[in-house]
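A.B. asks: Going down the list, the protein sequences come from chains A and B. The UniProt record's numbering applies: residue 1 is where the first sequence begins, and numbers increase by one. The UniProt record's numbering applies: residue 1 is where the second sequence begins, and numbers increase by one.
What the hints contain is simulated information worked out from the structure, not anything from laboratory work. The reader is advised that the hints may include incorrect statements.
As the list claims (entries may be wrong) - Label-pair distances were calculated between CB atoms; the ranges are:
hint, chain 1, residue 1, chain 2, residue 2, range
1, B, GLY114, A, GLU107, 43 to 51 angstroms
2, B, ALA2, A, GLY294, 49 to 57 angstroms
3, A, GLY294, B, ASP67, 41 to 49 angstroms
4, B, GLU196, A, SER415, 40 to 48 angstroms
5, A, GLY294, B, SER63, 40 to 48 angstroms
6, A, PRO385, B, ASN25, 24 to 32 angstroms
7, A, GLY294, B, LYS188, 47 to 55 angstroms
8, B, LYS56, A, ARG432, 33 to 41 angstroms
9, A, SER415, B, GLY150, 20 to 28 angstroms
10, B, THR256, A, GLY338, 55 to 63 angstroms
11, B, ASN25, A, ARG432, 45 to 53 angstroms
12, B, GLY114, A, GLN64, 52 to 60 angstroms
Glycine is no exception: its CB is placed at the ideal position from the N, C-alpha and C atoms.
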Amino acid sequence: MTVETKLPYDKDYINQFSQDRSEPEWMQVLRLKALELADTLEMPKPDKTKIGKWNFSHFKHSAQGEKISSLDNLPVEIQDFLDKENKSENLLIQRNHSVAYASLSNELKDKGVIFTDIFTALNEHEDLVKRYYMKDAVSVDEHRLTALHAALMNGGVFVYVPKNVQLEVPLQVIFWQEDPELAMFNHVLVVADDNSSLTYVENYISNNNEKQTVANIVTEVVAHNNAKISFGAVDNFAEGTTTYINRRGVAYRDASIDWALGQMNDGNTVSENVTHLVGDNSNSNAKAVSVGRGKQTQNFTAKIVHFGKQSEGYILQHGVMKDSASTIFNGIGKIEHGASKSNAEQESRVLMLSEKARGDANPILLIDEDDVTAGHAASVGRVDPLQLYYLMSRGITQKEAERLIIHGFLAPVVSQLPIESVKEQLTQVIERKVY
Amino acid sequence: MAGSTLEIKNLHVSIEDKEILKGVNLTIKGGEFHAVMGPNGTGKSTLASAIMGHPKYEVTEGSVLLDGEDVLEMEVDERARAGLFLGMQYPSEISGVTTSDFLRSSINARREEGDEIPLMKFIKEMDSALDYLEIDKNMAQRYLNEGFSGGEKKRNEILQLMMIKPEIAILDEIDSGLDIDALKVVSKGINKLRDENFGCLIITHYQRLLNYITPDVVHVMMQGRVVKSGGPELAQRLEAEGYDWIKEELGIEDETIEQNA
Ligand SMILES: Nc1ncnc2c1ncn2[C@@H]1O[C@H](COP(=O)(O)OP(=O)(O)OP(=O)(O)O)[C@@H](O)[C@H]1O
Ligand SMILES: [Mg+2]
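Excised from the complex, chain A in its bound form:
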């Protein structure tokens, strides 16, 4: 079985692309090497989902987006996501591949916080980016899509919080794919140095219902000793976008990485969210919710790997399936030898709203150490008739009762998102998708 991978983008194109952005040489070298690898490596093989026929090669690689003079000039649908409470003082809007808007409070600048697009970071903070870019979290050579990502990376952000700096307000990024054919090869790199803490929230938005394109996104999140990262996301690519999104975290000693992912794409999607608990006493809460509708096929993997002693990992995945959508939820808790006194828990639940939908929850525990605790719960089912009865017995209509139950089912992530407007937007996206 061979997959069509002939890309309209070759060595010369990539060289030029890199030069146009005055990238450091190592970046150019990395891209070219990745392009070669992309030819030889296999596609990833998400468990129980065949992606052989998915579109990963038809897309437009580069397009600019206009700057925004003031946030008031944004289309309402984008404005809705802004963090009004904090006056959007730490906000970056990437429109197609241009930075349309960027703001970081002076206070954070003074503390040495870096919050900028990836190309600026490559020029202004080259060493830092080089230190982390596809090193400790995701590797270029994992499979064809990671290699393609590295070769064609065309957007993204870099976040760095220095030692001992605590961020009180969230950093927010809106990735707005305005051009319906444009591919997002976004690279997001978030680094929290020792004893620091931050909250980061990103939104992916597109409107290409008919036009086909690709999103191939790699996100690397590194929490150094005793750092705390809270990462929230709402993915909302339209039907025409085929998405591969890889979000990976590395937590060192006493560090924590919490994920709250609203996975609301309308197109075919492979999403993996993996956290490596490298340090002793590190922990991660990985929560993700999703809604599948139409004919979309999705494959979600939430995985936490324990290396450090006394590391704690908790996975929660809740999915609602309607129409003839088909989704696989893989939950993997892995405890390596030596990670004694660790705890790996997971819960995967799928709520089926139609006969034709398909939803599978695969809980997996891989344990190589005796002195640990672990547990999993998985279920695939329909709306509980007794819950419906209870709500309806108070006068609530069946439709409204189902609505409450579904929103309640997806609440673990909604309630976790740190920005009120993003919470509201996710609630509305859920509302739109479910009804």
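Model the placement of chain B with the ligands on the given structure of chain A, informed by the hints.
C.D. replies: Relative to the frame of chain A, chain B with the ligands by itself:
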């Protein structure tokens, strides 16, 4: 105008093809408090569930009318909006839905679209009901019944009762699992609703509750029927003597529901 009337006539109810209720007759009018007592497994909860429209119970014969309207033709939510309320023996847990959101939806379900209860007014009403029932304000923001203790669930049912203000309420063992103080508070809540527009059917095993909420009529259920009715003194006698004298009086050997009784 004085309250609603709930008429239960010759009600037969089956669950999974087993007949549980075998002809129940009862009429509850606004202003009246009725108590239903009876040994375990004699059909009390079945009666309550069938009136509300629990999906598992099938009415095979008889009728239930609310102010002359056929309740059995209505969906569960329509029954509630028509004025019925059931405080459940085992209320469901609904994860992700706060008690407060649920209550607001319940109240708004009774109002026209565009005429939803103003948020501030709702919060004020809820706070005063919470105070009245001595419930911790945090409970309103907790997920409905999730992780609630037995007593908290019962208090929450009464909170809903007080805010929804139905015409006719059926309370199924609202006193079970309550400590003495909670029992007093819950009774206080129910008594507050007492007026000529509110009728109530209280299912209980204990005279204790009836010390706080004096019933106008007491019914005894056995074998899926109401076998005896009387005044408050009937409950006192049951408390003192148990059910044997009724069984003797009526010649009943096994009070539970027998397949071919
Ligand atoms: N799902 C069911 N399947 C089979 N039998 C059932 C079911 N639910 C109830 N029953 C039976 O119906 C009968 C009446 O039950 P019901 O709950 O109405 O009793 P009750 O009078 O409320 O008892 P208690 O005082 O213990 O609450 C019992 O024999 C019970 O076992
Ligand atoms: Mg009962």
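A.B. asks: Each hint should be assessed against the structure and marked as holding or not.
C.D. replies: Structure-based check of all given hints:
For B:GLY114 and A:GLU107, the hinted distance range of 43 to 51 angstroms is satisfied, since their beta carbons lie about 45 angstroms from each other. Between B:ALA2 and A:GLY294 the beta carbons are some 55 angstroms apart, a value that agrees with the proposed interval 49 to 57 angstroms. For the hinted restraint 41 to 49 angstroms between A:GLY294 and B:ASP67, the CB-CB distance of approximately 46 angstroms keeps it satisfied. A hinted range of 40 to 48 angstroms holds for the C-beta pair B:GLU196 and A:SER415, which are about 44 angstroms apart.
Range check, A:GLY294 to B:SER63: about 46 angstroms between beta-carbon atoms, so the 40 to 48 angstroms window is met. Between A:PRO385 and B:ASN25 the Cβ separation comes to about 29 angstroms, which falls inside the hinted range of 24 to 32 angstroms. Between A:GLY294 and B:LYS188 the beta carbons are some 53 angstroms apart, a value that agrees with the proposed interval 47 to 55 angstroms. Look at B:LYS56 against A:ARG432: about 34 angstroms separates their beta carbons, and that is inside 33 to 41 angstroms.
In this structure the hint that A:SER415 and B:GLY150 lie 20 to 28 angstroms apart at CB holds, the actual value being about 26 angstroms. A C-beta distance of roughly 60 angstroms is found between B:THR256 and A:GLY338, which places it inside the suggested range of 55 to 63 angstroms. Judged by the Cβ atoms, the range 45 to 53 angstroms given for B:ASN25 and A:ARG432 holds: they are separated by roughly 51 angstroms. Evaluation of the 52 to 60 angstroms hint for B:GLY114 and A:GLN64 yields a failure: the beta carbon distance comes to about 45 angstroms.
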